[in-house]
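**Q** Chains B and C: place on chain A using the hints.
Protein chains in written order, with my numbering: chain A, 6 to 308; chain B, 6 to 308; chain C, 6 to 308.
Quick caveat, the hints were computed from the structure, so don't treat them as lab data. Any given hint might turn out to be false.
Treat identical chains as interchangeable: a pair holds within one or across any two.
Said to hold, decoys possible - In silico lysine-lysine, DSS-like type, Cα no more than 30 Å apart, as pairs:
#1 34 / 44
#2 27 / 37
#3 307 / 44
#4 34 / 305
#5 46 / 34
#6 27 / 95
#7 165 / 154
#8 44 / 27
#9 27 / 307
#10 41 / 305
#11 151 / 46
#12 258 / 95
#13 307 / 258
#14 305 / 95
#15 34 / 95
#16 154 / 200
#17 34 / 307
#18 46 / 307
#19 152 / 122
#20 307 / 9
#21 95 / 148
#22 41 / 95
#23 122 / 37
#24 46 / 150
#25 148 / 44
#26 95 / 151
#27 200 / 122
#28 44 / 231
#29 258 / 19
#30 165 / 95
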Amino acid sequence: MIGKDLVSFRDLEKKDVEHYFKMASQMEKNLKSGKKLVKNKVVATLFFEASTRTKLSFQTAAERLGCNVIDFGVAGSSLEKGESLADTIKILDGYADVLVMRHPLEGSVRLAGEMSKHPVINGGDGGNQHPTQTLLDLYTILKEKKKIKGVNVHLVGDLKHARTMRSLLYGLGMFGADVTLVAPRGLEMDPGVIKEVHERFGLKVRELSALDVRGADVLYVCRIQKERFLDPYEAQKVVAEFRITEDALVGAKDDLIIMHPLPKIDEIPASMDESPHARYFEQARNGVPVRMAVIYEALKYKK
Amino acid sequence: MIGKDLVSFRDLEKKDVEHYFKMASQMEKNLKSGKKLVKNKVVATLFFEASTRTKLSFQTAAERLGCNVIDFGVAGSSLEKGESLADTIKILDGYADVLVMRHPLEGSVRLAGEMSKHPVINGGDGGNQHPTQTLLDLYTILKEKKKIKGVNVHLVGDLKHARTMRSLLYGLGMFGADVTLVAPRGLEMDPGVIKEVHERFGLKVRELSALDVRGADVLYVCRIQKERFLDPYEAQKVVAEFRITEDALVGAKDDLIIMHPLPKIDEIPASMDESPHARYFEQARNGVPVRMAVIYEALKYKK
Amino acid sequence: MIGKDLVSFRDLEKKDVEHYFKMASQMEKNLKSGKKLVKNKVVATLFFEASTRTKLSFQTAAERLGCNVIDFGVAGSSLEKGESLADTIKILDGYADVLVMRHPLEGSVRLAGEMSKHPVINGGDGGNQHPTQTLLDLYTILKEKKKIKGVNVHLVGDLKHARTMRSLLYGLGMFGADVTLVAPRGLEMDPGVIKEVHERFGLKVRELSALDVRGADVLYVCRIQKERFLDPYEAQKVVAEFRITEDALVGAKDDLIIMHPLPKIDEIPASMDESPHARYFEQARNGVPVRMAVIYEALKYKK
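Isolated chain A (complex conformation) (with noise of 0.2 Å):
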């Protein structure tokens, strides 16, 4: 069952998961409709680091249920003068129905939950835990293939260090996908976590060194950074090889779709955004009805 706190996609099961997908659909034809489903609800966004799309997002998405926002800035807050960080979430805890919080230290929204009263709903934990970002990914893939047993999904980039790629892993894993990993030699998926997806899903995946994108029903595209590299142009080349051009894609199926968690900087051209094939954008924007039912479930949850 779902509970109190949403801090990692590995505490759900696949049927909160299939439930949190029901819930979105159903958001997404309340948007059209206009009506509001909640009322004088408040919803605190606690962002200790900077990520303006994914605070907008759950701010839009809790505006739209016909929830209040609150919104905990952090320059010149009471943390400067030295407060802790138990105190501020006590006191918010106090004021809101829902935290919603992201914080560079990995478990601090787990403590956070567990220091509040209302429910805490991780926006991004340190770069480790971001469950509302693996979802909305895995409910993109089901909105564009109508399933995700069987979809042939390509995971591209620097799959050592884009750990949410690891939660995506496991939700792929969950939901029966064939993987396909491809990351640049040195840039590879922990085999722990490949290990351990195999052995909770038996999930069996392929694992390439350069793009092949012939098969792939999705294209989920991370970034490469040439820091990564010791050499400099070893790096420019690598990260070349893996720019998903027009070239990039030939061989590709029609219905091939790219996805990406966003901000882009290189790694996909701006003129990749005209191509019928892109789809991020969209996934983007299936942030607000899959945080509308991550907020609508919390709200539901009783001190």
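**A** Chains B and C alone, transformed into the frame defined by chain A:
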């Protein structure tokens, strides 16, 4: 017809402007009844240049209509991570129903409109285009004088650099006001603009190099920056001559009104605020119903 | 009677304060029902001094009433362009129905009230006046102890510099509490204030220079800054003696409650948060219904 975006006052025909006036007047009546006209719509404000007053005016207008607001704060945003403006617009376009944007680069708001599916309203574009300012200026004259045609309007100050004065002149020409341009020598309005407005609307302006309020119905004042003069003594002298003091108003009509886009510094002394002639704070307040009208019309646009 | 502005607790008569208490209690009931009492009103927050907690408390109160909020962020505002505070107030007065203002300069909020047509509520004025803090402090005592008259309240800490303690003493005098002032030598409350409250309400205070919790119903604690002492050893010793540890509570009444205006640093150890005596987070939460009452009354004011 009123289009998808409102980028420049020059995109509007006279009947569009008249429609906004009628709507704004209706909005003022609605404000008194407290009725909210809009349900479950989100307006995003993206101010890439500080302008608290304009932003709050738009936010107030959106909220009084019944919309929710999300604000894309520039500091700490993804733009710092290297995201393109285009991507930011496309993501916000996925969250909100209308975008209100201010940006230091001329043309950027027009471009944003082309990239977004939802309407984009210009909240000030490189000091060049600021269409809702022109609308609220004209609306204030209409409200105070019951007409614009034949009203004797003096535009006073540094007409060379105050670029929003150009839009106002265009608007006054459109509605057939009598216009006098009052600027210090060297800071006169661009003759090309005067010529254009004459050719388009037949407006003949009178030009003065010193204040002469006799016969004026409206004194529309803007600042003269001392930095525009090479000689500090000359600067001080001219600024003093153009200051709107009680003495400067000797011989003025009883119902002369003084307008100013605000913020004002010392071109109008604070003592003038109590004068029966002062209308600049009412003018600022008129921004709310005018922007309500603009947002309301934008929300009618169907993708 | 409750006036247009709420600048100082001393502007209020006992029956005004009792009215706010009654309203705040009603607001708590309304919060449970989820009913919004106000439609289409805008509350502006102008915090010229950082105070996240107070600002969020006011914003939450406004939103839970059904108001919309606009926030005048100080950084990047027109004040930087040289606009006078008076002009800023007058413009905001044209947008909003109630202004909530915090400002480092004593007297500035009173002045703002004189310049605005709409009510101005003081959110903290140079550390001097903070009337809603005093209201919520008294409301918390009333709620916890069912009365204020005869309740044994210890005000503990640096009573010389904690100027809001003066308003609280005044309020406790007004309601006939038994007051003990507990301050380190040299940091005692100004005798002039004690004299004034005695003359006005007949309050006789007991003064102690060390903690002695026996008989106390309420321990109201504020911080002692080490910078107040010349001798660092002395500072450390005094701060330790005034720390509210479990040991310091030996001999306390079972139903003693500990209050604190927050933020707290180390004058109350975090372990105390779990104590049945601790009430400071409830106290912070009570700020919401109290400020709802204050905003609600302000909105009744007719220009």
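**Q** Please go over all the hints and tell whether each is borne out by the structure.
**A** Verification of the supplied hints:
| no. | hint | verdict |
| --- | --- | --- |
| 1 | 34 / 44 | both (18 Å within a copy, 15 Å between copies) |
| 2 | 27 / 37 | both (16 Å within a copy, 29 Å between copies) |
| 3 | 307 / 44 | both (16 Å within a copy, 28 Å between copies) |
| 4 | 34 / 305 | both (20 Å within a copy, 19 Å between copies) |
| 5 | 46 / 34 | both (21 Å within a copy, 14 Å between copies) |
| 6 | 27 / 95 | between (32 Å within a copy, 26 Å between copies) |
| 7 | 165 / 154 | within (25 Å within a copy, 66 Å between copies) |
| 8 | 44 / 27 | both (22 Å within a copy, 24 Å between copies) |
| 9 | 27 / 307 | both (22 Å within a copy, 27 Å between copies) |
| 10 | 41 / 305 | both (15 Å within a copy, 20 Å between copies) |
| 11 | 151 / 46 | between (33 Å within a copy, 28 Å between copies) |
| 12 | 258 / 95 | between (52 Å within a copy, 26 Å between copies) |
| 13 | 307 / 258 | neither (48 Å within a copy, 32 Å between copies) |
| 14 | 305 / 95 | within (20 Å within a copy, 33 Å between copies) |
| 15 | 34 / 95 | between (35 Å within a copy, 22 Å between copies) |
| 16 | 154 / 200 | within (19 Å within a copy, 68 Å between copies) |
| 17 | 34 / 307 | both (26 Å within a copy, 17 Å between copies) |
| 18 | 46 / 307 | both (13 Å within a copy, 29 Å between copies) |
| 19 | 152 / 122 | between (37 Å within a copy, 28 Å between copies) |
| 20 | 307 / 9 | within (9 Å within a copy, 39 Å between copies) |
| 21 | 95 / 148 | between (38 Å within a copy, 20 Å between copies) |
| 22 | 41 / 95 | both (28 Å within a copy, 25 Å between copies) |
| 23 | 122 / 37 | between (33 Å within a copy, 16 Å between copies) |
| 24 | 46 / 150 | between (35 Å within a copy, 29 Å between copies) |
| 25 | 148 / 44 | both (29 Å within a copy, 27 Å between copies) |
| 26 | 95 / 151 | between (42 Å within a copy, 25 Å between copies) |
| 27 | 200 / 122 | neither (36 Å within a copy, 44 Å between copies) |
| 28 | 44 / 231 | neither (48 Å within a copy, 47 Å between copies) |
| 29 | 258 / 19 | within (29 Å within a copy, 52 Å between copies) |
| 30 | 165 / 95 | between (36 Å within a copy, 29 Å between copies) |
Hints 13, 27, 28 from the list above are not met by this structure, while the remaining hints are.
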